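Since chain A is already given, all that's left is putting chain B on it; use the hints.
Chain residues, written in single-letter form:
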Amino acid sequence: MEDFKVLLVDDEVEFVTTLAERLQLRGINSIVATDGEEALRKLYSEKPEIVVLDLLMPGIGGLEILRRIKQERPETQVILLTGKGSVGEGIESMQMGAFDYIMKPINIDDLIDKMKAAAKASCSTEKRNK
Amino acid sequence: MKDLAHEKIAFIAKITAGATHELNNVFATIREAAGLISDLLLITYKNYPGNMAGLDLATGLKRKRLSFLSKVFGRQKAPLAPEKSNKEKQGEQVSQNLNKLTMSLSTVQKQVNRGVNLTKVLNRFAHYSDEPVMRVELGELISTLTVLLERFARVRAVDMLFSMPNEKIYLTTDAVMLQLVLFRYLEAYWTHMPLGGQINLSITANNGESKIYLYSESDVKPVEQWLKAIESVEDLVKKDLKGKIVKNTSRAEICLALPSEAIS
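As given, the protein sequences belong to chains A and B, one line each in that order. Quick note on this note's numbering: the first sequence kicks off at 1 and runs consecutively. Quick note on this note's numbering: the second sequence kicks off at 1001 and runs consecutively.
No lab work stands behind these hints: they were computed from the structure. Just to be clear, a hint being listed does not mean it is correct.
[What the hints assert, rightly or not] Incomplete in silico selection of chain B near chain A, CB under 7 Å: (1) H1021; (2) F1027; (3) T1029; (4) R1031; (5) E1032; (6) A1033; (7) L1036; (8) D1039; (9) V1116.
[Said to hold, decoys possible] Computed spacing ranges between beta-carbons, pair by pair: (10) A/E46 / B/L1105: 27 to 35 Å; (11) B/T1204 / A/C123: 47 to 55 Å; (12) A/V13 / B/N1047: 24 to 32 Å; (13) B/K1008 / A/E14: 34 to 42 Å; (14) A/K120 / B/D1039: 19 to 27 Å; (15) A/N29 / B/Q1109: 22 to 30 Å.
In this text, all values refer to a predicted model and were calculated from it rather than measured experimentally. All C-beta atoms, glycine included, are put in the ideal place defined by N, C-alpha and C.
Here chain A stands alone, though its shape is the one from the complex (with noise of 0.2 Å):
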């Protein structure tokens, strides 16, 4: 098993929970929610290193989630799936402190390599926040 827990956060059911199934069998600790309160929920009970979030959901969207992580969890990086042919909305995100962004549908494997490296990146905010 990877040392990391990430938080898959999209409100298609199917989508996020097949892809949660299919990183477990990668050895890959992954946790789900389907919309945002749920998704900030679980932010402060599973304590997740990644957040990987669907920019476009019903009530708290995306980019406020986002905000929040940010303000109240720095440390947790946060990897948006954005569903548009554009990349605008990614990087958008990145300018309010996303770690990176992937296009939907995803490649499993290129998703992995995000993970990894947001992991680092966790890692060492933890680090230089203690």
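Below, chain B without anything else, positioned relative to chain A:
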């Protein structure tokens, strides 16, 4: 009047963009589900006791060959295949099913990738209507259009070949009108070209002007009608795109020259 027309186009585009976003989610979910099936198949192949599925498939092939030989040479000349045990039969069946599943899965994944690419392009196409005049990357605009028009050209058995330049060329223009004009040009080509022909597209930029070249090595016939179709959008080129068109009928070539930042 123009505002109303833009409103209508923008509405269609907005709905299309929203639908492509949803389609993208559909494909993302199918891709993950297919990925999970693929992962599980790999695990099954790996963990099947003693890799029996593979061994029994080989045994099955050997049996088929023996049975074929016995048919060709007669029962006395070829050894008879020994009777299969139930376990062997089961293993062979599992192996065949796994192979079929793998093949079907590869079809699903291939078609998902096709759908994803098409959805991405359609989404980009819809966003070209966001503003009446916008800054666009010309190579991306033309490749988007040619992907979407592939089917139209295919019906006429015509290929479109776009040579994407190494450097990006930007211009500020009415992107929808530019695509409409290019569509009319391409349509003029494939309507008047022989089956199996090829339309070549390329772009260049210098001195604040972007140029789009279209030409075909096949003859366009009748030339007058092809020319008439090209000229039918000349007004749009001049008024809406502030551009000009140069035609070379002997080579079936046209060059659409557009100012890079001239539209108000």
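Hint by hint, work out which the structure violates, then give me just those numbers in ascending order. none
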